[in-house]
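> So you can see what is in the structure, the chains are spelled out below.
2 protein chains.
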Amino acid sequence: MPEDNKLIYYLNKWSDISKDNEATITSAFELISIKKKKDLLVSGEVCNYLYFITQGCLRSFYIDSKGVEHIYQIRMDNSWISDLESFFSQVPSEYNIEALEDSHLLRISNERMEQLLAEIPQLERYFRILFQKAYVNALTRLNATMWKTAMDRYNDMLKEHPEIFQRVPLIYIASYLGITPESLSRIRKQK
Amino acid sequence: MPEDNKLIYYLNKWSDISKDNEATITSAFELISIKKKKDLLVSGEVCNYLYFITQGCLRSFYIDSKGVEHIYQIRMDNSWISDLESFFSQVPSEYNIEALEDSHLLRISNERMEQLLAEIPQLERYFRILFQKAYVNALTRLNATMWKTAMDRYNDMLKEHPEIFQRVPLIYIASYLGITPESLSRIRKQK
DNA sequence: TTAAACACTTGACCTATGGTAAGAAATAAA
DNA sequence: TTTATTTCTTACCATAGGTCAAGTGTTTAA
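Taken in order, these protein sequences are the chains called A and B. Note that the numbering used here has the first sequence beginning at 187, numbered continuously upward. Note that the numbering used here has the second sequence beginning at 187, numbered continuously upward.
Watch out, some of these pointers could steer you wrong.
Where chains are identical, the list cannot tell them apart; a pair therefore holds if satisfied intra-copy or between any two copies.
[To be verified] With a Cα cut of at most 20 Å, we get these calculated SDA-like pairs of lysine to any residue:
1) 199 to 275
2) 319 to 248
3) 319 to 303
4) 224 to 326
5) 334 to 253
6) 375 to 225
7) 334 to 254
8) 334 to 364
9) 252 to 334
10) 334 to 255
In short, the hints are calculated from the structure, not lab data.
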């Protein structure tokens, strides 16, 4: 399936895009490639694009005052990545986004995105549902972080996202789970 | 300001509701009152309504297998409360929502909500932005829970939401912060 | 093909926070 | 006003997970 079609396929899962609008949407996105370890976004810059990953794997993280990286997201094929705050408000980002594999992305600029959302209510609907689900997921993850043990979170992740363990180094998974690599190593040993 | 107008005022902050649509929206919501300590939602039920708090204070929480309550949200005047997953998917909720003060709410049913969203793209836009911001906030809160100390989180909350400390018992604030009431008490003593 | 960088593990020790229990203070109910 | 309930504090001990340091594999790049 060509990259554009994957995007349209996913939009249609939650919304209902007409053929005319499919063409408009498709032409608003630009296909780009990024090599492993290269940055899509660097802290301090405005995040000018919203990205749909057609193939690959990326992480978003921020660097604290001690220079330690903390990972917010690990995203793979057929999902979105950006700094939403920076993208929609056009303010400098505090995050970095980096490719963990050679990746193919479809990107749309803030300006074009705002036009499309105003023009195509069905797209607005898609993103309303997307963010609604993302919010519910974030609250679930928050709760797990607050009240479950690191081992439970590790096991949940292993069950729910086994593919991540095939493609992403454990040091990144540890950070995503909110623990140190040393702790993750001990947890894995215990099993 | 009457309750309906407060709702419209907030919708117009992020979207642009026409006079005709204002009337349609207003008539879709029903004004209800709830007494302190009464439940708006009980775990196991489907969350049939989305609520806009015009006045008052509520909490949403879930009860774990040991019978301990964990608070997700504390919400006051001019904000929304619901279990979004249950409300939009019409599946039984795992949460409870309880009034911490006598409160006034505007509520809308799932059925009416879906109609309105389909009918009024500007409303869809409002909720797209609402959920987008809620998602960004949830990620920020997640990160703080993972990587900041409980004392830092307490101080941040004191600075950002001082009104909550005037209106909500510390035991609930502790749970919201992801710590026990005992820990919160120690933190407050140290200052 | 060798060196450098990265990924992962292990051990010893430390600290923030949890668990339990009990009492004081404040608030609500009778 | 008295009693009951809820909220908050304190003390003591337990523990999950962090920190630091060192060592072993395993990629990556020169």
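> Where does the structure disagree with the numbered hints, that is, which hint numbers, in rising order?
4 and 6
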